[in-house]
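Student: So the protein sequences, as listed, match chains A and B.
The first sequence begins at 1 in this note's numbering and counts up one residue at a time.
The second sequence begins at 1 in this note's numbering and counts up one residue at a time.
I should point out that these hints are in silico values taken from the structure, not numbers from a laboratory.
Hints are not guaranteed to be accurate.
Keeping only pairs whose Cα atoms sit at most 20 angstroms apart, straight-line, the calculated EDC-like set for lysine to aspartate or glutamate is [what the hints assert, rightly or not]:
id	chain 1	residue 1	chain 2	residue 2
1	B	Lys40	B	Glu59
2	B	Lys263	A	Glu253
3	B	Lys224	B	Glu342
4	B	Lys224	B	Glu171
5	B	Lys263	A	Glu13
6	A	Lys224	A	Glu13
7	B	Lys282	B	Asp240
8	A	Lys40	B	Glu13
9	A	Lys263	B	Glu253
10	B	Lys372	B	Glu107
11	B	Lys148	B	Glu107
12	B	Lys372	B	Glu339
13	B	Lys282	B	Asp301
14	B	Lys148	B	Glu63
15	B	Lys224	B	Asp309
16	B	Lys263	A	Glu358
17	A	Lys282	A	Glu260
18	A	Lys282	A	Asp301
19	B	Lys224	B	Glu339
20	A	Lys16	A	Glu59
21	B	Lys224	B	Asp288
22	B	Lys40	A	Glu13
23	A	Lys263	B	Asp309
24	A	Lys263	B	Glu358
Computed from the model, here is a short list of chain B residues facing chain A with C-beta under 8 angstroms [claimed, not checked]:
id	residue
25	Val53
26	Ala241
27	Leu277
28	Ser278
29	Glu279
30	Lys282
31	Val317
Just so you have them, the derived chain B footprint on chain A, three or more residues with Cβ under 8 angstroms [as the list claims (entries may be wrong)]:
id	stretch
32	95–105
33	232–243
34	317–330
We put the beta carbon where it would ideally sit given N, CA and C, even for glycine.
For reference, the chains in residue letters:
There are 2 protein chains.
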Amino acid sequence: MVSLDQSVKQDQEAIKYHNKKMVLDIIREHRPITRSELSKRTGMSAMSIGRIVAELCEEGLIEETSLTSGSVGRKAVKWDIVPDGRYAIGVDIQRRQLVIGVMNLAETLVHSRNIECTTQSMTPDQTVTLLAGAIGEMLEALQISSAKVVAIGIGIPGVVDHENGIVSLSEALGWRQVPLVQKVEQLTGIRTIVDNDLKVKILGEYLYGSAQGSDKAVLIHVGKGIGSSLILNGRVFRGDANSAGELGHMTLEPLGTLCECGKRGCLQMYIDDRALLSEARKAGQPMDEITQLFDAARNGDGWAAELLDRAALYISVTINNIMCLYNSETVILSGNFVEQYEPFLGLVHRYCAGVVWEPFRSSLNVIASELKERAIILGAGALALQQTIRNERGITS
Amino acid sequence: MVSLDQSVKQDQEAIKYHNKKMVLDIIREHRPITRSELSKRTGMSAMSIGRIVAELCEEGLIEETSLTSGSVGRKAVKWDIVPDGRYAIGVDIQRRQLVIGVMNLAETLVHSRNIECTTQSMTPDQTVTLLAGAIGEMLEALQISSAKVVAIGIGIPGVVDHENGIVSLSEALGWRQVPLVQKVEQLTGIRTIVDNDLKVKILGEYLYGSAQGSDKAVLIHVGKGIGSSLILNGRVFRGDANSAGELGHMTLEPLGTLCECGKRGCLQMYIDDRALLSEARKAGQPMDEITQLFDAARNGDGWAAELLDRAALYISVTINNIMCLYNSETVILSGNFVEQYEPFLGLVHRYCAGVVWEPFRSSLNVIASELKERAIILGAGALALQQTIRNERGITS
Chain A
1 MVSLDQSVKQ
11 DQEAIKYHNK
21 KMVLDIIREH
31 RPITRSELSK
41 RTGMSAMSIG
51 RIVAELCEEG
61 LIEETSLTSG
71 SVGRKAVKWD
81 IVPDGRYAIG
91 VDIQRRQLVI
101 GVMNLAETLV
111 HSRNIECTTQ
121 SMTPDQTVTL
131 LAGAIGEMLE
141 ALQISSAKVV
151 AIGIGIPGVV
161 DHENGIVSLS
171 EALGWRQVPL
181 VQKVEQLTGI
191 RTIVDNDLKV
201 KILGEYLYGS
211 AQGSDKAVLI
221 HVGKGIGSSL
231 ILNGRVFRGD
241 ANSAGELGHM
251 TLEPLGTLCE
261 CGKRGCLQMY
271 IDDRALLSEA
281 RKAGQPMDEI
291 TQLFDAARNG
301 DGWAAELLDR
311 AALYISVTIN
321 NIMCLYNSET
331 VILSGNFVEQ
341 YEPFLGLVHR
351 YCAGVVWEPF
361 RSSLNVIASE
371 LKERAIILGA
381 GALALQQTIR
391 NERGITS
Chain B
1 MVSLDQSVKQ
11 DQEAIKYHNK
21 KMVLDIIREH
31 RPITRSELSK
41 RTGMSAMSIG
51 RIVAELCEEG
61 LIEETSLTSG
71 SVGRKAVKWD
81 IVPDGRYAIG
91 VDIQRRQLVI
101 GVMNLAETLV
111 HSRNIECTTQ
121 SMTPDQTVTL
131 LAGAIGEMLE
141 ALQISSAKVV
151 AIGIGIPGVV
161 DHENGIVSLS
171 EALGWRQVPL
181 VQKVEQLTGI
191 RTIVDNDLKV
201 KILGEYLYGS
211 AQGSDKAVLI
221 HVGKGIGSSL
231 ILNGRVFRGD
241 ANSAGELGHM
251 TLEPLGTLCE
261 CGKRGCLQMY
271 IDDRALLSEA
281 RKAGQPMDEI
291 TQLFDAARNG
301 DGWAAELLDR
311 AALYISVTIN
321 NIMCLYNSET
331 VILSGNFVEQ
341 YEPFLGLVHR
351 YCAGVVWEPF
361 RSSLNVIASE
371 LKERAIILGA
381 GALALQQTIR
391 NERGITS
């Protein structure tokens, strides 16, 4: 039990902190802005605003800009954020590459870099060493002091214990119980946050891409694995153990094919790349890459088109099931099925018209990811900014 | 577009209103409580607290209580809510009965009444007239002035446009586009709020029943129809059109039995009472009521036990699908399957051990509804209190 005095003190600190974050958010949104407008928008007293503005200014996050007002010609002091006052780094760790992006306080991506490497065959330590080295080089080349980097945000495929910074299980990378945050912080000296890649991706799409303005959006990823993530009321929905959205083990057929997880009829047994390649092999068409299947379908091979058609049906059934539970307004499809096989989105639209419950059809909006592969570094950078601004350690610590 | 001044004024009003609600909430939670403790807990100045306390007192919502403090014998003034300072009415409209409950400001049910009637064969106006009459009689018998009733909350089966107070479609009652709130307000003169019965029910379970303390709980109802509702971070989740949780039209078998909605394999074709009675007929065992099926299974009829066993399997598959999406911590089962057929919960537990994805099994908590049929009137009463306290028209208007 926390004592009353302790909890009250925590509450007051939290309120102060919340107010400071709110002022910075409003300056970013309405830049540039006068102090009196800030006071009006927040409902806070001129004195409180003055104190917070002075703090933010001293910390190098905002600055004065002088503008001549149109009506009487007097100079009105306005406040604006300093775009290069702070930075966040967004990282996307995949099977075959690392992608690193640097985002400034205006949430603009100022630089990004892809590093080809087979993380899958590297140890977590090797990957972290490579990553930390690349970040160091990028910051040096951009002449950014690491003291100006509020945090590194990382998106990674798999089950991530976001709160404790541990990758619980990443089948794609072959990682299990990796204390990633600790390792990265040790080598870089920069605060680090890690999250599941699809949760980071939908944050990117929500802030900068196809889900902008939609408070209830679902992202479904089909390609190497299947998964989903969700925005509810403007925030990434995590569930009880940050595992909301584990579509792959939803039951598509109660008495269907046995999955490696031990249960029957899991969705991933029917529609991710591995499942389709295995079906192709059964049909006497062995191939290594799902893109070969896309090519075959494009070239008019009936069996390939049939496999992709069935995958589109199953995705549509899944969209119906998600709609029945969440009643969301936007469904974003990402992954190589929709990004590398152009007819796929059309197929899903056609099936949805039949398999989505009628009352939901008119409002249903199934679209392709807009940011594609950039969504993860953008979302990871945004996560880094958000969490540091929100967190008690704060953007200025 | 709302002008800056307008939006600022609205913001300020909202903050004032929010603070007043917060003070009342804290008094209710920590009753009785001193002014200085209130000030500490809210982080608000003694002056602001003094003003709000004076307002609440004048409105008859709270009162002074004098207590002798243990240590020095001085009298410390504490504040407490006045339980009968205000009331809320919770209503549960079902096919065959109306249930009405009266709840006081301490959220205690002070009186309830069941009225047997076949609402199904009555017009909405007849039902509303009966309801309004019964509410009037109850208030008179309890000597409660209608001015003291902040609102009537109503839970009703079907698709409800909660914001506009319209029952869009209730198959159970045969209602379509009924402006229920307007009708009830006209006859009673009391502000009215209507919502889907399962959304109201989970609110009841969350505040007073089996989901207390669980911020992520799902309620699944199986009996006359199948449906669900969800608590997320302490609030009922509505989805885009208040239709989140429409389990009945989730697809259980992509190529399964055709449903009246026009698509194949909807869950409701397999597990609600109608589906099971239809299966029983096919097996040469015609019966009118699902309770007869329960009796047959209890008496050792293999075919009846088999049907209920299969329903339990399908419910378990559905629980897995919900867990994969929501990753919730508590699943509450309600409805006559679990309430009137004792072995049902055990069957579901047994199947869940097989068909729920392994990482979720250890934390999964499937329990029966605690409040049973009282959950709806309690939840509807709570909804009435919450919405009036939250709403701009306010608890005191």
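Student: Going through the earlier hints one by one, which of them does the structure break, listed in rising order?
Tutor: As far as the earlier hints go, 1, 5, 6, 7, 25, 27, 28, 29, 30 and 32 are violated by this structure, in ascending order.
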